[in-house]
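> Dock chain B against chain A, hints included.
Chains A and B supply the protein sequences, listed in that same order. So in this note's numbering, spot 120 of the first sequence is number 102, and the numbers just go up one at a time. So in this note's numbering, spot 56 of the second sequence is number 1119, and the numbers just go up one at a time.
If you are wondering where the hints come from, they were derived from the structure by calculation, not from laboratory data. Here a beta-carbon is modelled for each residue, glycine too, at the ideal position from N, C-alpha and C. Heads up, a few of these hints could be off.
Negatives, chain B to chain A, calculated, CB over 10 Å [unchecked claim]:
hint	residue
1	Gly1110
2	Glu1143
3	Ser1166
4	Gly1193
5	Arg1201
With the C-beta cut set under 10 Å, the calculated list includes, among others, these residues of chain B facing chain A [to be verified]:
hint	residue
6	Ile1091
7	Asp1108
8	Asp1115
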Amino acid sequence: MATATLPHASADTVSTPLWTTSGTPVPTGLTGQPRISQLSGEKFHRLAAQWRAERGPTSSISQMAMHPAYQQIIGMGLAVLPLLLHELATEPDHWFWALKAITGVDPVPPESRGRIRAMAEAWLRWGRQQGYLS
Amino acid sequence: MSFYRYFPQLAHTGCRIVSACSREYNCIAWAAGEQDRWWWPDANDIGYWPADVPREETIDAFIRAYQTLGFASCDDATLEPGSEKVAIYALAGKPIHAARQLSNGRWTSKLGNCEDIEHTLDGLTGSTYGSVVQIMRRPRI
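If we strip away everything but chain A, and leave its shape as in the complex, we get (with noise of 0.2 Å):
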């Protein structure tokens, strides 16, 4: 189980509250942990919800993350970790190989593989550890 410490993002640290798809701020983090600008929720957003209509019904975790709209979001780099990490919170999906292509680490027990609630709680548990999520 890897538990390495990332850099965390300078680019994205404005003030505005965190979005999530369902349009509620996400509870904001801790001083200095990398923040997302409007914008870049929005775009998060936008690229969450086409994902999820255009996926369509694919068993192959393979095809979900060569969509081109979730690879967009794996290029939003470390700035979408606290969305991410909300959206395990709040409605789990297959946001893993996002995290996992993101931050290089893999917080997820080999026994809890293919379990989504336990490997969202694996996830919110290391972005607590890593001050992405308060």
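Same frame as chain A, but now just chain B:
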């Protein structure tokens, strides 16, 4: 998300929705009789996959995964009293879906993040899931 647009054959063969949407499990798990984890041999070690079976998206790996549960390959999709069967669908040579036969001869599938449905094998063939490439069976418990 309505799944019907992905499976135009269902308009002719019919289907019955038997459960609500869930992200807790997928078709591979459902065909294996599980409802609490998502089976997939992705290269990123996210999905569950049986130990000692290659984590690769090949028909052979999917056959080997079901072999761990006592299924053996066969070439007959008809209902056989005393047997439980699964069908593996593939598209362009890649496994994409699995269904399990019910005791009434119809088949049950979990459609990705969507519902479980009862259907015919032909009902899910097409550009989304491809076609059935392998039938497997084991003694019905």
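> Against each hint, give a clear statement of whether it holds in the structure.
Hints versus structure:
Listed as outside the interface, Gly1110/B is inconsistent with that label: its C-beta sits roughly 5 Å from the nearest C-beta of chain A, within the 10 Å cut-off. The Cβ of Glu1143/B sits about 26 Å from the closest Cβ of chain A, beyond the 10 Å cut-off, so the non-interface label holds. With a minimum CB-CB distance of about 24 Å to chain A, Ser1166/B clears the 10 Å threshold, and the non-interface call stands. Look at Gly1193/B: its CB is around 12 Å from the nearest CB on chain A, clear of 10 Å, so calling it non-interface holds up.
For Arg1201/B, the requirement that its beta carbon stay farther than 10 Å from each beta carbon of chain A is met, with the minimum near 21 Å. Proximity of Ile1091/B to chain A holds as hinted, the smallest CB-CB distance being about 6 Å (cut-off 10 Å). Interface hint status for Asp1108/B: upheld, as the beta-carbon distance to the closest one in chain A is roughly 6 Å, under 10 Å. Annotation: interface hint on Asp1115/B violated; nearest CB of chain A at approximately 14 Å, more than 10 Å.
Violated hints, listed in ascending order, are 1 and 8; each of the other numbered hints is respected by the structure.
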